[in-house]
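A.B. asks: If you want the building blocks of each chain, they are given just below.
Protein chains: 2
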Amino acid sequence: MARVSFYLDGEVVEIDVEQGATLLEAASRTGVYLNSLCGGEGICGTCKVLVKDGQIEHGSIGLLTKEEAKEGYVLACQTKVLGDVKVEVPLETRIEEGQILIDKDAEKLHTIRAGGEEVFFAREPLLDKLYLELPKPSLDDNLSDHQRLYREIRSKKKVPILHTGLTMLQGIPAILRNNEWAVTVTLGVKGDTTELLQVEGGDTSGKNYGIAVDIGTSTVVVHLVDLNSSKTIDGEAKYNSQMKYGEDVTRRIIHADEEGPEELHSLIMDDINGLISTLIFRNKVRRDDITSVICSGNTTMLHFLLNLPASWIRKTPYVSASASPPPIRATEVGIKINPRGLLYVVPMIGGWVGGDTTAGGLACGINKSERLTLLIDIGTNGEILIGNKDWMITCSASAGPAFEGMGAESGMRASRGAIEHVTMIDGRIEYSTIGDGKPKGICGSGLIDLVAELFKAGLVDRRGVLDPRKSDRIRERDSQSEFVMVPGSETETGKDIVITQPDIENLLRAKAAIYAGVNILVKSLGLEFGDFERILIAGGFGSYLDRRKTQILGLIPDIPLERIKFVGNTSIIGAKMALLSREAFTTCHRMAESVTYVDLISFPNYYDEFMAALFLPHTDLERFPTITEELSQEV
Amino acid sequence: MARVSFYLDGEVVEIDVEQGATLLEAASRTGVYLNSLCGGEGICGTCKVLVKDGQIEHGSIGLLTKEEAKEGYVLACQTKVLGDVKVEVPLETRIEEGQILIDKDAEKLHTIRAGGEEVFFAREPLLDKLYLELPKPSLDDNLSDHQRLYREIRSKKKVPILHTGLTMLQGIPAILRNNEWAVTVTLGVKGDTTELLQVEGGDTSGKNYGIAVDIGTSTVVVHLVDLNSSKTIDGEAKYNSQMKYGEDVTRRIIHADEEGPEELHSLIMDDINGLISTLIFRNKVRRDDITSVICSGNTTMLHFLLNLPASWIRKTPYVSASASPPPIRATEVGIKINPRGLLYVVPMIGGWVGGDTTAGGLACGINKSERLTLLIDIGTNGEILIGNKDWMITCSASAGPAFEGMGAESGMRASRGAIEHVTMIDGRIEYSTIGDGKPKGICGSGLIDLVAELFKAGLVDRRGVLDPRKSDRIRERDSQSEFVMVPGSETETGKDIVITQPDIENLLRAKAAIYAGVNILVKSLGLEFGDFERILIAGGFGSYLDRRKTQILGLIPDIPLERIKFVGNTSIIGAKMALLSREAFTTCHRMAESVTYVDLISFPNYYDEFMAALFLPHTDLERFPTITEELSQEV
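Residue numbers (this note's numbering), protein chains in the order written: chain A, 1 to 635; chain B, 1001 to 1635.
Among the hints, a few may not be true.
[Unchecked claim] In silico DSS-like cross-links for lysine-lysine, where the CA-CA straight-line distance does not exceed 30 Å: (1) K456/A with K470/A; (2) K158/A with K1157/B; (3) K1336/B with K190/A; (4) K1158/B with K190/A; (5) K1438/B with K1456/B; (6) K1086/B with K1052/B; (7) K157/A with K1086/B; (8) K190/A with K1156/B.
[To be verified] Non-contacting residues of chain B with respect to chain A, defined by C-beta distances greater than 12 Å in every case (computed): (9) A1069; (10) R1177; (11) D1192; (12) S1229; (13) F1281; (14) P1317; (15) G1350; (16) E1492; (17) G1530; (18) S1543; (19) E1562; (20) F1610; (21) M1611; (22) L1621; (23) T1626.
By construction, these hints were calculated from the structure, which means they are not laboratory data.
Glycine included, every Cβ here is placed at the ideal spot set by N, Cα and C.
All chains should be modelled from the sequences, with the hints used to inform the complete structure.
C.D. replies: Here you go:
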């Protein structure tokens, strides 16, 4: 027997195995999850681990680089244990299916990779840099500078249709000659063509960065990505400044119709540019080394981004100006990166359902999965995507920003200082905050937990009404009830963290809108919730959502918890996958074109379903049998 | 027997033929030239004629349209004569091989078609307009405006890669709705892709114009082309305003190196824009209906056009910044047409040999011909192209602007009022002027004729020296000899039209440069002039060049006249062919890449050859045996 010790970010898990067992087998017996896309064939390289010490027998190194092999990385599936061995498991090898990228609070960001079950795409960033050393011209080889450069690029990379602009051609001769014919070219994917968009002297290929943006109705998230390593370096988020012109997209479109779209466009530009500036300052990245931006978001947000007319999105039959805008120069809309850098938009599905849902489908691998999947993306609009690799259908439910912490008395975004989880045990409240410091407020996941716990404890009734008789933490202020969760003495701001009666009602309306939408779509397809092999919950929450508590709230149907997974902000995960893989971006386009869009308003019973869902967990308790049973036992 | 009467633009040619003969046979017996690309197979449609009256037996109508058939057009090769018949021969059917477009004085312009022997390209203008009536969106069909438009375009035309810009997408929704979903789109070819560059309300497809430009070192020619009918509507030319910075391209490049290229760029822009303005005013064409410009010219001129650095063209190994610049927006360099219209550049071959030679090769169908051809394009630079469909080789000889009427005392461009032909019979001078009015000056073809006639008459000797003893028209003025061709009393200006001793010497230097280049290139290939099945002379002359007189001058080798053809300004003819046919433009690119460029300076005997050619017709009379014999008989 030999002892294998797995080192997992501080934690150590040990197991004794017989000699000759593979590291993958050892890991699986401990319950340590290792990625293994190829199923142990030694091909994919996703199960890579670092052997720190001990006796092993090497096998194939699959897709590992020589550098990695030198450093001691091996494939767990191909490496046999000969004696005691210490193995470090890198973060990217441990990322669980469906948790490809958990964007905790956008301050703790992980390596991005296309994970999930069948989700695996060839790495080929939409913007690529190539270092070239050109042969100098001679009488026997006096091609023009332009053609010489193209010839060299094509000797290195397959680019059937290569094009460039006049400004480039005007500058190339001097750049080539001033740098002894050694230059780095930046190539950008534009559909089936490739643009030569930059030529720099010398070898600058090591510095190539991209920006991924998720423009939510309430929240804007920006990530900085290293296009060479595929790693997310950092992220930052803020509320969408357009909020002052309305919490929902409809009001903003009306504002644009009346006052022109410029102000809304300009606000989102300022948000994105502000976040980019923060990231490049914090990470000491040169703005000119950022060659690309990819934006995901709902249809309306992406229209405002591009200054496209959004008027007709809100009127039947909900027609967008463009569902798949072409790549353009980012500066054309005012995004401040390399002046010749490109802006990509994740293609939209149609009607209210935008690029965020396309990105979500991509990130969760629904388009490649045999398994029937329900994806619920919880945001100010709740998008619902149902399907598998053969078909997909989607709709959008208007929830309002309650789950994004907006509007609640002590609400805040899922960022440092936000209470993200709440447990009540015997009237005692325990909570955790993002960043582990003193709490500043409470974010969406914390609000969900809190309402569920209040309900379980009987402090609110099925209608969500706080009962002051049940706790002295429930008080009356300005003629409305509120529950004091954390007294000001324990908070960073010195103010009490509370949840008010209207806060609870907002949350109930939001969950009812989403639950009703999910239920109607599922039923209209003749399905039951039990038919889903996976129910994936996406959204810009903290580290995770407590699945059981979302069921107690009545947001998520009452099905066995193991089928439910929280998958984080799939909009930005999918956007990054597209930015890092031309194949993934192409897949987005195919998906966006093939998904069927339905409008909830066309279902006459939507309003009734909504009203019925305004209770905890629902008017019809038979829909939540295990919750009902659990609660009846507790009380 | 039956009488066939051919009506040819005023002239009538009649012939009696036996019944059953075809119209093509009848025409060939009269010497009336009819195009017949397919050799009488009834396939190509190029021999179409209009039967006005008489008995015929119909055959295949080949590529004729139904409308044409209805109007009475038939294929001459497929139509048998049964009785007396009157036949009108349209201009395009009569255009002779190699004379596809004789741009007389750019005021008399003909229909363009790709003619010549095997030269035939599918009509598909680089800029095309399509009228579309789109289905209105509905809940069942709520594609975005962008995708709806693409779908409709693709239902009408094969455009695998279609792209457009942000400005277009921003404007499309309103245009579609303000015009009841009936719009005209403008599509522009960009390599293997197609750009949607304009959407107009209603049906504007009838108005689609292009501009073809030949930027010569000395002369700028602009034609206005109807892209629907493929007809040249009008043309206009002027001297290149860059002349003030040097007669030859080398001096202009040096000027650009020293002072920056902006002034030279700006001058050529003004020339082109001025000529375009004249044409659109004269022909009442809306500037916005001009959707494209195509420019041909030598390498340096095309570099100045695009503001590309030209410095390295003049230094060994003669490298251009770009030999095949991509299509760009014409406004990007300052050409004033439709603001979204495209500028195409005829691809250059390399070194000094530019798009004018590519266009020339295209216009003369050298790339499709079995026959070994020598093309001499006479301009300020003389370009020489030798080859056939299997191989081509080219070089450039610096002649100076003498043949363009520049620098000569009474010289002028081949435009209205220029003496274009001169004959001396027994000391009496006969001449013809362009436009048939009083002469204002003398253009290149007139100068060639005049020197040849003066030499034949013994008024100049073999060195080109005027002999005042031989004619009282030879006088001394400002201590130089000159021959008075037309006294001021007969000229429009009131000034004598003369040729001075320096004028003659300039012409001799120009012809010597070109003849030496041709001779060196031919000899270096191990060829004799007799090996050429066709010798084509191109240039911006008047209606034609007198071939015999170019031989007397020693410009063109002494080979049988029937092998020599004057083919006009092939630079602009080829450019127009490319503008009217995507296939032709593609052919230009292939040709430009495959032609071999040689530099005359690399031939050490070039200077000796040049010196030997400074005589009339040449130092070595054995090279011009028939001329020598003819002159010895006359004298």
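A.B. asks: Determine which of the earlier numbered hints do not hold for this structure and return their numbers in increasing order.
C.D. replies: Numbers 7, 10, 11, 14 and 15, in rising order.
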